[in-house]
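S.K.: First to last, the protein sequences are chains A and B. Quick note: the first sequence uses our numbering, first residue 1, plus one each step. Quick note: the second sequence uses our numbering, first residue 1, plus one each step.
Derived by calculation from the structure, the hints in this document are not laboratory data. Just so it is clear, CB atoms sit at the ideal spot from N, CA and C, and this is done for glycine as well. Watch out, some of these pointers could steer you wrong.
[Stated by the list, open to error] Some but not every residue of chain B turned toward chain A, in silico, with C-beta under 10 Å: (1) Phe10; (2) Thr16; (3) Trp21; (4) Thr26; (5) Ser53; (6) Val119; (7) Gly123; (8) Val128; (9) Met136; (10) Ser142.
Number of protein chains: 2
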Amino acid sequence: MEYQEGKEKFIQAFGTLGSKWGINRTMAQVHALLLISPGPLCADDIMSELSISRGNANMNLRALIDWGLIYKELKAGERKEFFVAEKDMWKVVRQIMLQRKKRELAPIMEVLSELNEQVQGEGEEVEVLKKSVADMHNFGQSADKAIEKVVNSDENWLFNTFLKMLMK
Amino acid sequence: MEYQEGKEKFIQAFGTLGSKWGINRTMAQVHALLLISPGPLCADDIMSELSISRGNANMNLRALIDWGLIYKELKAGERKEFFVAEKDMWKVVRQIMLQRKKRELAPIMEVLSELNEQVQGEGEEVEVLKKSVADMHNFGQSADKAIEKVVNSDENWLFNTFLKMLMK
DNA sequence: TCTCTCTTTCAATTGTACCTGAAAGTTGTG
DNA sequence: CACAACTTTCAGGTACAATTGAAAGAGAGA
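Use the sequences and the hints to build the structure in full.
M.R.: Structure, rendered in structure tokens:
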């Protein structure tokens, strides 16, 4: 397979994956493009590689910076901004886990806490609702803790060892 | 808070959560509704509770059965089909992990394997592409193994212990 | 200050996944 | 078989998110 074809397949696959996980297809593609670029790229590079508009490129680059997945880089003597991706896969995954926890786990946990405390009434249907809420709240807390531990495992020899075992 | 309000908030929150994770909003809402229903519901119950059409209800009920998250139940003397949700939170999460692994991890792993084996050529850009592909393939395999282990942890005392520790 | 280059914004457009409802299909019963 | 009770399908419509492109903004150097 030629380089160009491989590159396109990679970017394409990444975009599809992203969209199945609730992440903007283009954002995922920009990320993929930067991941396989040996050097920094500027907005125009990305626009022409992915055939997208200036506005779209700009929006998704900002979003990726916001997620902590790419960095802005300034070249001496150039006005243009360049971008590079974090290429350490473990850091990438860690960053994604943290961001999604913050953006999507946290809000629902708040709703669950509220329901946990405030739903009144009696009867079977109320009990079933309360139990569901409590179970999910519980599970969410466990998940939160597990994510924190995994994300910070570098600092913890014991968990690091267990994690490696888990993945073998 | 009254029961009805709590119920609506629960269903609403679940729907939002689902859509942020690439799961059909309505499917998540139907699931939520069944989770907090003391008894089985039929298609008409769901249509009126969620104000959705017959076709929509049918589609999403089939999908939920397909995911292994709800079951069909027949009542003696009734033609209608009734539905109940699996309410054990751990089984629910397990099922979702397995299904998503099958549906979304597997396809991209195939692309990565293909690229891993078939990308030809030399030069820095080819090397960077190859490295990205290899890293991701690696990570994907680890994730796959970790999911398998977590999902089957009931049978494995050591990992069960570890998991509990991870979540405390 | 003016101009040139690059970045950001946003109203209008486009794209896409989802939903509807009616019609066709299925199945049990008299 | 004919009917009634439900389920499934799907062509067309809707709603929402993503995208465009042009205009406004921002900053550096002459």
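S.K.: When the hints from earlier in the document are held up against this structure, which numbers fail?
M.R.: 4 and 5
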